[in-house]
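Enquirer: Protein chains in written order, with the working numbering: chain A, 3 to 169; chain B, 30 to 130; chain C, -6 to 601; chain D, 152 to 641.
Since no wrong hints were added, every one of them can be taken at face value.
Listed next, with one range per pair, are the computed distances between beta-carbon atoms:
hint, chain 1, residue 1, chain 2, residue 2, range
1, C, 458, D, 198, 55 to 65 Å
2, C, 279, D, 447, 33 to 43 Å
3, D, 607, B, 98, 51 to 61 Å
4, D, 614, C, 54, 19 to 29 Å
5, D, 203, C, 530, 51 to 61 Å
6, D, 614, C, 20, 18 to 28 Å
7, A, 152, D, 288, 27 to 37 Å
8, D, 288, C, 20, 50 to 60 Å
9, D, 153, C, 34, 50 to 60 Å
10, D, 607, A, 138, 55 to 65 Å
11, D, 617, C, 566, 45 to 55 Å
Subject to a maximum C-alpha distance of 27 Å in a straight line, what follows is the list of computed DSSO-like cross-link-like pairs (lysine-lysine):
hint, chain 1, residue 1, chain 2, residue 2
12, D, 594, C, 102
13, C, 20, C, 149
14, C, 102, C, 158
15, D, 309, D, 508
16, D, 594, C, 149
17, D, 309, D, 261
18, C, 20, C, 102
19, D, 508, C, 20
20, D, 594, C, 20
21, C, 524, C, 149
22, D, 594, D, 508
23, D, 261, D, 508
24, C, 149, C, 102
25, D, 508, C, 149
26, C, 524, C, 158
Sample of chain C residues facing chain D (criterion: CB under 8 Å; computed from the structure):
hint, residue
27, 57
28, 58
29, 60
30, 133
31, 134
32, 148
33, 157
34, 171
35, 176
36, 178
37, 543
38, 544
39, 547
40, 554
Keep in mind that the hints were calculated from the coordinates and are not lab data. We put the beta carbon where it would ideally sit given N, CA and C, even for glycine.
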Amino acid sequence: MIATLVIAAFMILAMAGAIYAALVPHTLHCIIGLGLTLFGVAGIYLYLGSPFVAAMQILIYIGGISVAMVFALMLSVSLAKKMKHSEIKVILSSIAAILFLAVMARLIMTTEFPLREEPAGAAAWGVEQIGHGFLTTYSPLFIGLAICLSVAIIAAVLVARREADKS
Amino acid sequence: MSLSAFLLVSLVLFSAGLVAIMSRRNLVTILVGIELMLNAASINFMAFNYYTAVDPVVGQIIVLVIIGLAAAEVAIFLSILMVLYRARHDVDVEEIREIRG
Amino acid sequence: MNPAILAIVVIFTPLVAFATAMLFCMKAHRIAQGLILGGGAVSVVGAFLLLLGGPSETQSIVWLSSGSLELSFGFMFDGLSLSFGAVVALITFLVQVYSIGYMHHDPAKTRYFALLGLFGWAMLGFVYAVDLLQALIFWELVGLASFFLIGFWYEKPSASAAARKAFLLTRIGDTGLLIGILLIINISGMAHIPALLDAETGLTTMVSEGTLTLLVLLIFMGIMGKSAQFPLHTWLPDAMEGPTPVSALLHSATMVAAGVFLFARLHPLFMASETAILVVLCIAIFTALMSATIAMVETDLKKVLAYSSIGQLAFMLAALAAGGLLAGILHLILHAVFKALLFLCAGSYIHHFETNDMREIGRRGGRRMRWTTAGLVIGGASLAGLPPLAGFFSKEEVLASLSHGGYHLIWFLALFAAFLTAYYTFRMVFFIILPDRPLEADATVHDSSPVILGPIIFLTIATVLGGLILGPLAAILLLDVPHHSLLSMLPAILCALAGVFVAWWDFGRSRATRRGFVGAVPVLHRLFSRKWYVDDVYQAVFARFIQLMATVLHRVEVDLLDGGADRLADVTRWTGGWTARLQSGWVQAYIASGVVVVALAGYFLGSR
Amino acid sequence: MGIPILSLILLCPVLATAAVMLVPAGRDQMVRWISVAFSLLALILSAIVWMAYDQTVGGLQFEEIVPWVPAVGITWHMAVDGFGVLLVMLNSLVWFTGVLTMWSLAYRVKEYFAFMTLLVVGVYGVFMTQDLFLLFFFYEIAVVPMYPLILIWGSTRKEYAAMKLMLYLLVGSALLFPALLAIYHVAGLGTFSMVELGRHTFGIEFQKFVYPFVYLGFGVLAGMFPFHGWSPSGHVAAPSAVSMLHAGVLMKLGAFGILVVGIRLLPEGATYWAPLFAVLAACGILYGAFVALRQTDFKFVIGFSSVSHMGIVLLGLNLGVLGVASADAFNGAVFQMFAHGIMTALFFSTVGYIYDKAHTKTISDFGGLGSQMPRAVTIFIIAGLCGAGLPGLASFWAELLVFLAAMKTYPILGAAIVAGLVLTAMYILRVFQQAFFGPRNPKWDGLTDMVGWELLPRAILVAVLILFGFFPNLILGLIDPTTQILMEGF
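Build the full structure now, drawing on both the sequences and the hints.
Expert: Here it is as structure tokens:
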């Protein structure tokens, strides 16, 4: 019962953060909203039996990505200020999104999912299994990810630096 | 808590991301929208992983990959953003319309 | 020695000489000349050895097999091949010797000699061929050699135009020939000549007479092209643009005779169709008369000889069509000898005076070239059919075979043609030996060099003695020697003498008008000097038609097919231009429309 | 399974492409030597395949089967029958001589040879593979490099020509791809193997429906009238070696595709449509010849002559399907693919040489060129005579066999096509007379004639034409058994 309440709180946190981030005019507030959502999602992961992924979510997403975004914001001063915000665009895109949401929600509610007998326990899919999976069956994925990350970082550095040289 | 509840949460996140992408003029907030959508996808993976998948490792691995890719994406995105900012002193997407036909 | 090996030597030595000269001796004229002459000599010796060996079995190997089709490559050693092969090799060699003198100053003579080698190979290959397709291949190669040799001086536009015309007109005939051969292969499944000619199992037993008529007439189209019969004859006079030895070799003695040879080769097939015989006779006699009339008004020495070749080839075809196999072949061989002689004499004059106009040659003292003039007179007399020269015997046989065959009208017309032949031949002779004004004392006129005179003298002797081959030829062809009474020979002799006399009256005597009796009828004179308007009709009808077709189809290509595709592209581009305006470059609008579309799709697909 | 010789041949251009790309910029000579070395190697291997191919047995040989994507039944299945051996040889010859022809290229050499060898990869793949998916895959590999090759190294309205070519060929592919998928799907065997698919009998209605897609799709590449529009302008715009590969080999891909996919898999559909397509092909033969008569550009003449000559190939294929004339039609068609390939390669190689020297391709600009460039002119004349179907050169036999079949199946049509040979002679002679004969034009006195190595590639092609012109059985012996097997399918 308590678990249900807790997860419901996390879900609401996630949704509220997302909506806040989507609608709030100020860029910094927007990132804060994202941070809230990420935190809520981490809670959901925890409930879904994966403490490791939840930890990663907090470490990388909240600790890394959000912070990087804030830094970027700080580096370019004028970005931090409030941007022009057109109400009509927000309303139109909200209508489109709600349309989408309604259709998808109806789909979700009417679909029969082939559920498993009983949800797997945390023991069956702990960190060990993840590591094993990454190093055996899914090793190409792992390697690919590694390459992608290093390339992205090198590219990011290069892109930013070359322009700096020019200026 | 049932599977549908998680799916609905992820749908809300996704829709919020859509709104952000469609309505904002600031590249940073658009990035936020994208992150929201990625998270929505991750939630779906985890939920299906928990409720239906045969091998529960798959979902987690995919979510980890998504997190990694998101990190890479943000790195690139932000560096481009910095360059763009330096070049144009603006990151308003309404002004960046060079692919216009 | 195995005749097949000998035949390979005879045929392929000129090819080897040709290839070697073309590939390695372009600068070394003397070596090339030596190679080609050596090849020619080997061919002559080989061909005469084959002739002395007498007829023997056909030999062939399978050359090509595709599905049920089998074509062979090999040699025939019957009297026809052996005798004509020897004549071809001999005249080729003589002309090669003659060319040493004639082409002495030409800078490109290696190419010239090499092409003579190519021609020798092709012509000999044709003569000994055992398979219709093999014959066709060498027949085309002969045409190719002719193309290159006519256009040898390719920098002269008239020469290259003449080469092109020769190739195209013979090609038109060859189309018929090829269709005929293809039909024969389709009907009988073979192209092996002895098998096709077989009286019990050959082609004649397989098809109805109507079909056979069609087949042989298609083949005759090829013969018309190659042997320059009306209406495909106009290339031959133009072909005189080539060097004179080439005219002597190809366009009088051997290549044009290939058509007649093919007719003789397939004689039994033609004999099996009455209609075909009549068609051939009509065409032949018309050609003979027409060419003779044109020759009567022509002043170009070589062209007179060219038209006389056309006429004599028509005589051969007429004789063969009337059933006189021996007569046709005899005239083929003897005509080759004396016509080569006439051309070589003409070449000797042209080489010296550098003009083709026989009146001018006469005025400038042509008759002072004594040996050449002797050759010309003897050759001319032979062409006119005066006894006892070679031409008399063969023409006698031709006329006899026409009257034996019962074609009396044709016989009569042929007599008239013979009269005209004697007339224009001696018109030519009198123009040269009896010029219209007295000769100046010009010491520069002298006779040609020994290499030129040698072949002329050899051929003069051959022309005088040519009548003697009648008996041996009949023996090798396994035919009977016909006996004619003196009375039956009389009309021909009288015609020839009449022709000579009228020619003397018009051109020879001191008070002659030198216009000829045709000059009295302007209409005819114009008709003859415009060559019966055949070329003009070609120009006006066929050439224009083909040009028109090409132009129309070119427009179709440019405007309709290609242009249509371009219009389609324009429409696409225009549509693209319009739709591009929707591309505002405003990414968010794209996303929004995407979302709406997905939502709608989800609604409709999900509601099922 | 012994040495996978077919994969080795295919590996040659692949390695050549890779090696050429790895050469440092500016080392053009090295690029050329690499290309020539690999193409020579491929030529030798092709010759070995020809020698080792067992002609008494026929059928597919040198099979290599390695599953690749087993889930949908894609297999690395390489094998050649008699046709394949012949066409692989053709490709090797044209590649080798093409590299030599482009020896003097100086502009962006590295990229040029990389694209060209990539094209060669595709062509080899199509001729060797027995897998429908791979066939399409290689087909596209062969087609796509044409665009940059024409666009960057071309001449004479190159943007237009490149775009037109690409659009035509893509339309062809668009017709083809659904047809191939339909064949895969309807057979329901779960395999793309053409050997397996060939054993399956498709419904007659299905065959009738799908065959035109296959025929048109491949036919566009084969320069099929009236969808040949891309080919003359493409040939004109492309650099010489690309024209060589293009007209010499690439157009054969279309005909080969019709043969192995259309006719082999859908025999009844082919039979149903053959009369129509045969008549179209015959129209193409005459049409190409007529239009060539009016052209003023060397390469346009050759381009339209290609339309005409490829018409003979297509006519042969359709007549073969009708089956009245036993094996001759197929034999003739395949022979013509080879003969025309060599002949056109020779044409473009020589015209390319003249163009490189004189910087013009307009026929009337020349005149009397025979005096200045006797060797180049001689070689062009040999190619031209081959085009005119002169006996003693390879195309004569090919045309003869097709004409034989045409005379047997449709006598009137056959006679018309044979008469069309006169037109061919006319346009060829017109070129000879206007460009090569006539008075010497002092404007071109400075041009140098071919020497040494420039002569080599052309001499090889001439030698091939003459060799098979006199010994047609060398080719017929190779392809006849395969044709016999093909004929059993009807």
